[in-house]
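Number 71 in our numbering belongs to position 71 of the sequence shown; there are no gaps in the numbering.
It should be emphasised that the hints constitute simulated quantities derived from the structure, not laboratory data.
Do not rely on the hints blindly, as some may be mistaken.
Said to hold, decoys possible - Using C-beta positions, here's what the derived DEER-type ranges look like: (1) Arg83 with Val7: 31 to 39 angstroms; (2) Thr30 with Asp60: 29 to 37 angstroms; (3) Leu85 with Glu28: 29 to 37 angstroms; (4) Glu4 with Arg52: 19 to 27 angstroms; (5) Glu45 with Glu4: 29 to 37 angstroms; (6) Glu81 with Asp41: 19 to 27 angstroms; (7) Ile40 with Leu89: 14 to 22 angstroms.
As the structure is a prediction and not an experimental result, all values here were calculated from the model.
By construction, the Cβ of each residue, glycine as well, lies at the ideal position given by its N, Cα and C atoms.
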Amino acid sequence: RAIEKLVRSYEGRPARLLDVSRQSVIFESTHALADCLSLIDADCEVVLLQVRNRLTDAYDARALSQGYRDVNLSLRFDTPEARALGIDLHVCEVQLLLAGFAARKSDSGHKRYVAFRNARGR
1 RAIEKLVRSY EGRPARLLDV SRQSVIFEST HALADCLSLI DADCEVVLLQ VRNRLTDAYD
61 ARALSQGYRD VNLSLRFDTP EARALGIDLH VCEVQLLLAG FAARKSDSGH KRYVAFRNAR
121 GR
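Let the sequences and hints guide you as you build the complete structure.
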């Protein structure tokens, strides 16, 4: 998938790949998700590079992701340990999502999304 993204979406520029390290955190409520986001934002050892809020009404989930929504974070860790290991510039992706949307990432839901994404050429 990484090579596919480089060719289709990133013009062959590997520095644009931000989801090589990715994790999802699932929440039962928007309140719990917002609390987690606040904690991440307040952590001085986390450098929050980008927040893509796909829960807003402005995000057209039907047209862009077949109804899937999340809050997608690009972040890195700036700690003495991370600097010593030379990984302080490594960007990680964290997907904060509600349990109802997590169900869309099931095997069959993900297969439908891959077909949708491929049809869009992304």
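Now the hints, each set against the structure:
no.: 1; hint: Arg83 with Val7: 31 to 39 angstroms; result: holds, 33 angstroms
no.: 2; hint: Thr30 with Asp60: 29 to 37 angstroms; result: violated, 19 angstroms
no.: 3; hint: Leu85 with Glu28: 29 to 37 angstroms; result: holds, 35 angstroms
no.: 4; hint: Glu4 with Arg52: 19 to 27 angstroms; result: holds, 20 angstroms
no.: 5; hint: Glu45 with Glu4: 29 to 37 angstroms; result: holds, 33 angstroms
no.: 6; hint: Glu81 with Asp41: 19 to 27 angstroms; result: holds, 21 angstroms
no.: 7; hint: Ile40 with Leu89: 14 to 22 angstroms; result: holds, 18 angstroms
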